[in-house]
Amino acid sequence: MMNKLHSIIFAYRYNPDLRELIQNRNTCSIPYGGRYRIIDFMLSNMVNAGVVDVGLIVHANYQSLLDHVGSGKDWDLSRKHGGLRILPPFGYTNKTGEGVYRGRMDALAGVRSYLENIRQDYVVLAGGDLVVNLPLREMLEAHIQSGADITAACTRKPQGEPKNCDYFTLAGGRVTDVAVRPPMPQGVESLEVYILSKDLLLSLVDHCAAHSIHSFSTGVLQAMSGRLEVRPFFYEGYVARPRSTAGYFARSMELLDAGTRAQLFLPERPVKTKDQSNPSTYYGPDSKSVHSLVADGCIIEGEVENSILFRGVRVKKGAKVSNCILMQGTTIQEGAVLKYAITDKNVQINPGRMLMGHHTYPLTIAKNEIV
Amino acid sequence: MLLAGGQGSRLHALTSHVAKPAVPFGGKYRIIDFPLSNCVNSGIDAVGVLTQYRPLELNSYIGNGQPWDLDLSDGGVHILPPYMREGEKGTWYKGTANAIYQNMGFIELYDPDYVLILSGDHIYKMDYAKMLRRHKETGADCTISVLEVTMEEATRFGIMNVDEDDVIYEFEEKPKHPKSNLASMGIYIFTWSKLRAYLMADEADEKSSNDFGKNIIPAMLAKGEKLVAYRFSGYWKDVGTIDSLWDANMDMLSGGGGGVDLYDQEWPIYARTPTRPPHVTGPNAKVDHSLVTGGCEVDGTVENSVLFHSVTVEEGAVVRYSILMPGTVVKAGAVVEYAIVAENAVIGAQAHVGTAPTGEEDWGIAVVAQNIKVGDDAVVPAKAMITRNVKGGAAK
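For the protein sequence lines, the chains are A and B, in the order given. All residue numbers for the first sequence refer to this note's numbering, where the first residue is 220 and numbers rise by one. All residue numbers for the second sequence refer to this note's numbering, where the first residue is 3 and numbers rise by one.
It is worth saying that the hints were derived from the structure and are not from the lab. Everything numeric in this text was worked out from a predicted model, so none of it was measured. Just so it is clear, CB atoms sit at the ideal spot from N, CA and C, and this is done for glycine as well. A couple of the hints might just be wrong.
Simulated DEER-style distance windows between Cβ atoms [said to hold, decoys possible]:
1) B:Tyr116 with A:Gly302: 56 to 66 Å
2) A:Leu421 with B:Glu88: 51 to 61 Å
3) A:Arg304 with B:Trp269: 31 to 41 Å
4) A:Ser416 with B:Ser256: 54 to 64 Å
5) B:Met387 with A:Asn569: 50 to 60 Å
6) B:Glu88 with A:Arg298: 35 to 45 Å
7) A:Gly478 with B:Thr243: 18 to 28 Å
8) A:Pro402 with B:Ser62: 49 to 59 Å
9) A:Met443 with B:Ser62: 27 to 37 Å
Please construct the entire structure, taking both the sequences and the accompanying hints into account.
Here it is, written out as structure tokens:
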């Protein structure tokens, strides 16, 4: 077991363009892929790389996240020593006295004492809002072999919206410049996953705290690109960073493609999530399910097409669901018709209702609502 | 105390690698999940599972008991295999009563007033707390759960003959001419001090076959102890044979209506389940009246069937009235009907496994054992028990 890597996951991102989906939660705990929360992917990446200590930095709206990760038991992170540590913003106030962390360095400064006690030589910094199956074990090996100060995961296949992404300029196998949230893509797209040594991390945190630097991208990668050797680690598989409802919808729907699923759901690096003891999904007589991803515990008596159904969804007789994402506990009553819609948890669509969005603007029904 | 040592020899190929209680059931479960979940839902938090036949898979399945919330520092679930004791001979469990006798030390760790004895081969939901309440109310020394069966069926069960207060005065094992239709479900609550005395006496009797039904219950009746029948109504199925296992699986196909309601959140059945993504239905999929589990990829036709996790049904394949255990692959154009296919078996393209009922005597459910490969175009007839790879072409 590899025990050289410690993980810090930043799990406080909150993207207003996700509208209804973030009413009661932050971006990291949005349901994704039929049975997961977005945070599951990064947590599983850590565990699959043999990481045993994970610090989860949270800030606001994290109740749903805590509910989900619990003690970390489902990821084997409930341990006598180490394991999962939730790091809430204890006593944190920024200059205006409120608001979320102004950047990763700001967040890390807030947990400085935790960082000191890290038992491992290396630390991986990653966002909890990234859907990816990243081979972190290989990334650490590459980091150690190259002797770089920082190894930064990136992809040549741009998948995000430029206004939400960082881009690296490469020269001689090194990252020489960083474009932060530019209007147009330029260079390779950063996944904002970094590996560096614990010692370097601590000195960077102290340096940034002393100079009021809050951002890792601008304050460290950009400002110190001459002094630090930053090397890229390429990953070309599926990467999703939902920042808007339309983006969430589009990237989710890509999972209906077998090739995409093969990049995210690997038998050797399984994505783990909270166990809920659901029975199998039951298909009634005359039901229809085509080109869809369906989790356990559903009862489907109507028709489902090009859709993603989370656990415990009910589609009653005569109901027609196409191009939809139905989250856990959604009930579609008899004869209701849904197209291009996202229903959040426990939504109920009453008999005969007809709801239609568009793939550029999927109709989103907030948690617990009845239509 | 859950008796899980059964070999399940009548399940043939399905128990060549695992003990009967570990046989997969109902899409997501193993047989033992039912009594184990019943215990937890009834508020019982100390469970001994007695194993001896092919215990490896069962032991690792139960593990620390976490899926059933039985990973407790006080109580929890304990695997109890037979063991050697110093100075004397150790033996396999000679019978159900001997299995409990050998673990009296375990039971006494908890200093219990009452002991519940269960078997690991029945599918049902039952609140043992209610049965215990009745045991206390009647002041019984032993309470036996019974089910009303038809008089014809009664000849296949242990039958309790009772008075108007349901006090048992006679027990008959598989009677030719039953006097009552109250069949024992193999679920007993004993007042521990009484059971302890009878277990000691039974062990001392060299002629005894050390069995609850054959020895302990008759001995208690003979001595005039108070044995009371506890009437259970609801779904209960012994899954000791291929036919009954197939039947019971088919009973689960009702979306909560018949069989055991698997979707009832008041009485959940827990299982240890591997991490698999949601199942996928392809562009050509047709799924009807079936259970489908995580990790499955279905692009063929599935009707009246139970698919465990990670089953693949390729385009053009047809699966009807069948049970496909985890990891099974049904290749393009193959037909599987009235069959049980065990873990990781592969049914080749255009192969045909099983047949619809013909009305003839030699018809039966076809069984393909785990890891078996049935070649392309091969034909496996009804009632076949396939334990070796079948070559392609029209093999037997």
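How the hints compare with the structure:
{"no.": "1", "hint": "B:Tyr116 with A:Gly302: 56 to 66 Å", "in the structure": "violated (39 Å)"}
{"no.": "2", "hint": "A:Leu421 with B:Glu88: 51 to 61 Å", "in the structure": "holds (57 Å)"}
{"no.": "3", "hint": "A:Arg304 with B:Trp269: 31 to 41 Å", "in the structure": "holds (36 Å)"}
{"no.": "4", "hint": "A:Ser416 with B:Ser256: 54 to 64 Å", "in the structure": "holds (59 Å)"}
{"no.": "5", "hint": "B:Met387 with A:Asn569: 50 to 60 Å", "in the structure": "holds (51 Å)"}
{"no.": "6", "hint": "B:Glu88 with A:Arg298: 35 to 45 Å", "in the structure": "holds (37 Å)"}
{"no.": "7", "hint": "A:Gly478 with B:Thr243: 18 to 28 Å", "in the structure": "violated (44 Å)"}
{"no.": "8", "hint": "A:Pro402 with B:Ser62: 49 to 59 Å", "in the structure": "holds (55 Å)"}
{"no.": "9", "hint": "A:Met443 with B:Ser62: 27 to 37 Å", "in the structure": "violated (50 Å)"}
The structure does not agree with the numbered hints 1, 7, 9 stated previously, though it agrees with the rest.
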